[in-house]
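So the sequences go chain by chain: A and B. Per the working numbering, residue 1 is the first one in the first sequence, and the count goes up by one each step. Per the working numbering, residue 1 is the first one in the second sequence, and the count goes up by one each step.
Hint data in this document are derived by calculation from the structure and do not stem from the laboratory. Do not rely on the hints blindly, as some may be mistaken.
Unchecked claim - Under the rule of at most 27 Å between Cα atoms (straight-line distance), these lysine-lysine pairs were calculated in the DSS-like manner:
| # | chain 1 | residue 1 | chain 2 | residue 2 |
| --- | --- | --- | --- | --- |
| 1 | A | 44 | B | 58 |
| 2 | A | 41 | B | 68 |
| 3 | A | 44 | B | 68 |
| 4 | A | 41 | A | 78 |
| 5 | B | 69 | A | 44 |
As the list claims (entries may be wrong) - Examples of chain A residues toward chain B, derived with CB under 10 Å:
| # | residue |
| --- | --- |
| 6 | 6 |
| 7 | 13 |
| 8 | 43 |
| 9 | 44 |
| 10 | 110 |
Because the structure is a prediction, the values reported are computed rather than measured. C-beta atoms are modelled at their ideal positions from N, C-alpha and C, and glycine is treated no differently.
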Amino acid sequence: EAGVTQFPSHSVIEKGQTVTLRCDPISGHDNLYWYRRVMGKEIKFLLHFVKESKQDESGMPNNRFLAERTGGTYSTLKVQPAELEDSGVYFCASSPLRGGVGANVLTFGAGSRLTVL
Amino acid sequence: AQSVTQLGSHVSVSEGALVLLRCNYSSSVPPYLFWYVQYPNQGLQLLLKYTTGATLVKGINGFEAEFKKSETSFHLTKPSAHMSDAAEYFCAVGSGSARQLTFGSGTQLTVLP
Numbered sequence: 001e002a003g004v005t006q007f008p009s010h011s012v013i014e015k016g017q018t019v020t021l022r023c024d025p026i027s028g029h030d031n032l033y034w035y036r037r038v039m040g041k042e043i044k045f046l047l048h049f050v051k052e053s054k055q056d057e058s059g060m061p062n063n064r065f066l067a068e069r070t071g072g073t074y075s076t077l078k079v080q081p082a083e084l085e086d087s088g089v090y091f092c093a094s095s096p097l098r099g100g101v102g103a104n105v106l107t108f109g110a111g112s113r114l115t116v117l
Numbered sequence: 001a002q003s004v005t006q007l008g009s010h011v012s013v014s015e016g017a018l019v020l021l022r023c024n025y026s027s028s029v030p031p032y033l034f035w036y037v038q039y040p041n042q043g044l045q046l047l048l049k050y051t052t053g054a055t056l057v058k059g060i061n062g063f064e065a066e067f068k069k070s071e072t073s074f075h076l077t078k079p080s081a082h083m084s085d086a087a088e089y090f091c092a093v094g095s096g097s098a099r100q101l102t103f104g105s106g107t108q109l110t111v112l113p
């Protein structure tokens, strides 16, 4: 089966511009997660979708970040306007709906590297 | 609240030597523990996980980890390092119905010839 696909792999933008990251989860995975790693620090949770609904968005840093998952398939994460501190690697992960977190293993994508100049 | 501490952001070992990557966690509820590995230009790949039961967990590529509740540790080991093990390793903790993971800051493993 195809894995989690993220696009673009790398994006370089200037401060104040807008960037949209896309994630295609594994087909049939209702859970979709966004994580971010900034400057070699911890990978931090951003938000969690169950199908098209936001289950938990407690990790979203501020209202410049907007995540959507129309139709419960792919998801986009838009940063508008981008700031310098938004630079980092944005990971997407997906998992099937059934099972507790112990059995519910997240499959991660390769990440989208965002550089804000 | 949960937290993960990985001791040593960079670890170097010689090929054939023991690999030991340290992970300590903090969790108010029984934890689920994971080790992920990231090879260059690839996603995070699950190495192994602990949920319940046997505290010594075996994973892929010859890695294993032991859950020690009294020490709140989940160290990753491999008896003999191979050049292909060079990568960044992440320890993570999850719990209960929460579906988010808390990651450590990662350990970059270098294998010297």
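Against the structure, the hints:
1. Only pairs whose Cα atoms come within 27 Å are accepted, and residue 44/A paired with residue 58/B is accepted, the gap being roughly 26 Å.
2. At most 27 Å may separate the alpha-carbon atoms for a hinted pair to count; residue 41/A and residue 68/B meet this at roughly 25 Å.
3. With a C-alpha separation of about 25 Å, the suggested pairing of residue 44/A with residue 68/B holds against the 27 Å cut-off.
4. Pair hint residue 41/A plus residue 78/A holds up; C-alpha atoms about 22 Å apart against a cutoff of 27 Å.
5. Distance hint between residue 69/B and residue 44/A is fulfilled; the C-alpha atoms sit about 24 Å from each other, no more than 27 Å.
6. The interface hint given for residue 6/A is met, as the beta carbon of that residue sits about 8 Å from the closest beta carbon of chain B, less than 10 Å.
7. The closest approach between the C-beta of residue 13/A and any C-beta of chain B is roughly 21 Å, which is over the 10 Å cut-off, so the hint fails.
8. Nearest Cβ of chain B to the Cβ of residue 43/A: about 4 Å, under the 10 Å cut. The hint holds.
9. With a cut of 10 Å, the hint placing residue 44/A at the interface with chain B holds, because the nearest CB-to-CB distance is about 7 Å.
10. Contact between residue 110/A and chain B, as hinted, is supported at the beta carbon level, the nearest pair being about 4 Å apart and thus within 10 Å.
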